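**Student:** As they're listed, the protein sequences go chains F and D. Using this note's numbering, read the first sequence as starting at 1 and increasing by one per residue. Using this note's numbering, read the second sequence as starting at 1 and increasing by one per residue.
Hints were generated in silico from the structure; no laboratory data involved. Here the structure is a predicted model, which is why all the values come from computation and not from measurement. Not one of these hints is a red herring.
Because identical chains share one entry, a pair is satisfied inside a single copy or across any pair of copies.
In silico DSS-like pairs for lysine-lysine, Cα to Cα no more than 27 angstroms straight-line:
#	residue 1	residue 2
1	102	149
2	52	14
3	102	58
4	232	14
5	102	184
6	247	233
7	184	247
8	232	261
9	14	24
10	233	261
11	185	247
Here is how the chains run, residue by residue.
Number of protein chains: 2
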Amino acid sequence: MLIVGELINASRQKIRAAIENQDKASIQQLAEEQAANGADYIDVNAGVFVGKEAEYLKWLVTTVQEAVDTPCCIDSPDPGAIEAALSVHRGTPMINSISMEKERHDALMPIIAGSDYKIVALCMGDAGMPETADARVSIAEELVSNLEKNQIPLDNMYVDPLVQPLSTNDNYGTEFLNSIERVKKQFPGIHTVCGLSNISYGLPERMLLNQTFMVMAITKGLDGAIVNPLDKKMMAAIITAETLAGKDEWCAEYLQAYRQKRFEF
Amino acid sequence: MLIVGELINASRQKIRAAIENQDKASIQQLAEEQAANGADYIDVNAGVFVGKEAEYLKWLVTTVQEAVDTPCCIDSPDPGAIEAALSVHRGTPMINSISMEKERHDALMPIIAGSDYKIVALCMGDAGMPETADARVSIAEELVSNLEKNQIPLDNMYVDPLVQPLSTNDNYGTEFLNSIERVKKQFPGIHTVCGLSNISYGLPERMLLNQTFMVMAITKGLDGAIVNPLDKKMMAAIITAETLAGKDEWCAEYLQAYRQKRFEF
Chain F
1 MLIVGELINA SRQKIRAAIE NQDKASIQQL AEEQAANGAD YIDVNAGVFV
51 GKEAEYLKWL VTTVQEAVDT PCCIDSPDPG AIEAALSVHR GTPMINSISM
101 EKERHDALMP IIAGSDYKIV ALCMGDAGMP ETADARVSIA EELVSNLEKN
151 QIPLDNMYVD PLVQPLSTND NYGTEFLNSI ERVKKQFPGI HTVCGLSNIS
201 YGLPERMLLN QTFMVMAITK GLDGAIVNPL DKKMMAAIIT AETLAGKDEW
251 CAEYLQAYRQ KRFEF
Chain D
1 MLIVGELINA SRQKIRAAIE NQDKASIQQL AEEQAANGAD YIDVNAGVFV
51 GKEAEYLKWL VTTVQEAVDT PCCIDSPDPG AIEAALSVHR GTPMINSISM
101 EKERHDALMP IIAGSDYKIV ALCMGDAGMP ETADARVSIA EELVSNLEKN
151 QIPLDNMYVD PLVQPLSTND NYGTEFLNSI ERVKKQFPGI HTVCGLSNIS
201 YGLPERMLLN QTFMVMAITK GLDGAIVNPL DKKMMAAIIT AETLAGKDEW
251 CAEYLQAYRQ KRFEF
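With the sequences and hints as input, model every part of the structure.
**Tutor:** Quick look at the structure:
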């Protein structure tokens, strides 16, 4: 499972303040803690700063990379901000994300074409958020085809089917889960990723829902997650589900996590 | 999700003692607690008493039914003991279980033929425990066909694919999960059930494994479970997974469980 550490996101009040104050130490501590707890990529998001997003995103990338060797997941809907962040990033980043929204798609594609970046392909088009598995798979087909035409190999694509809140429609869980399974089956070798906390929006005991939904998504083939690596319960659920899904030879990872007292449940 | 309360099983030391002492109060208390916490059937098992199993199983059924209206799940590999228990059972029991082991199969089939009992169909034959999904489905095909010939409707069949310990083969989780999915797909209208604690045998943090595996099995279509209904974490996992699987209109069951403070995680 590829883990993208989600904590350095300016929509969180503490991060917003740290960015405004150019407080390197706070950002770097969070980068280090996430890397130490299993993050393969450190998400950086400065989306709340209209007009200053590109500048702050560059600063985040530089600040994070001074502290850790883990690459960044450059998280923005704005191709200009992504390009700015790429200009200072060392190593191979993940780009979060391209979609089928025409303006975003057409501006970002030339920036990533022919690269070896990991690309998050978000199942979103100009018609708005998809509600069914069919709608998600249909967007994924178009997006994957376009990425292939632009020399992005399947192995570098991470389709994000886009989680929507269960509180608004009690089928949104299954529609999402089925889209994970269908995308994995339709494009052998491709990956899937998501940030799934939206599933529990508007319901009580959100952590219980998020953690359970993660296990269900892994059962359907999810192999990337944008999560908080410091959440020991969530990480225990992920490691345990992967082991039960036959992805952990001799249960070695499970046993190591147990011995290192990384489990909480 | 059909819940079979597993606690009245003589392989547990306290239950064995209660049976030997003909301690009705202890058995009845456990029956009441399980019924109050969501059990649809109360499993009764006296399998450790060689030579006295039939007598004790009858006593367990009578004792349980004096206390609760919930029907019993009569749990024995011995058709004679099952027949004895049936002679005193009121209402419609579940029978746990018939298998493709020839002696057991041929002796039990006439007892259940044409009945409206719920029947657990265990994927086990004379060749021993199945290891793969293929082997499980193959036994299920034969067993389901024989049950249909004996006027048991699909809706009363609960196929138990038989969980085996992950510690002995790291693919045993997926083989089991895939067999759940395949059985449900191949026989529309049929049910599946299992007691899944064997999955964690020989590994640490067994409750974490059991709970996670339950969520994965529900994702694949499991709709019956032989569990401890007093285990609040397990019950929280089951209710939450069912809600996320789209089986809980308006999330009503989830919200009710939350309000009744039945969640622990």
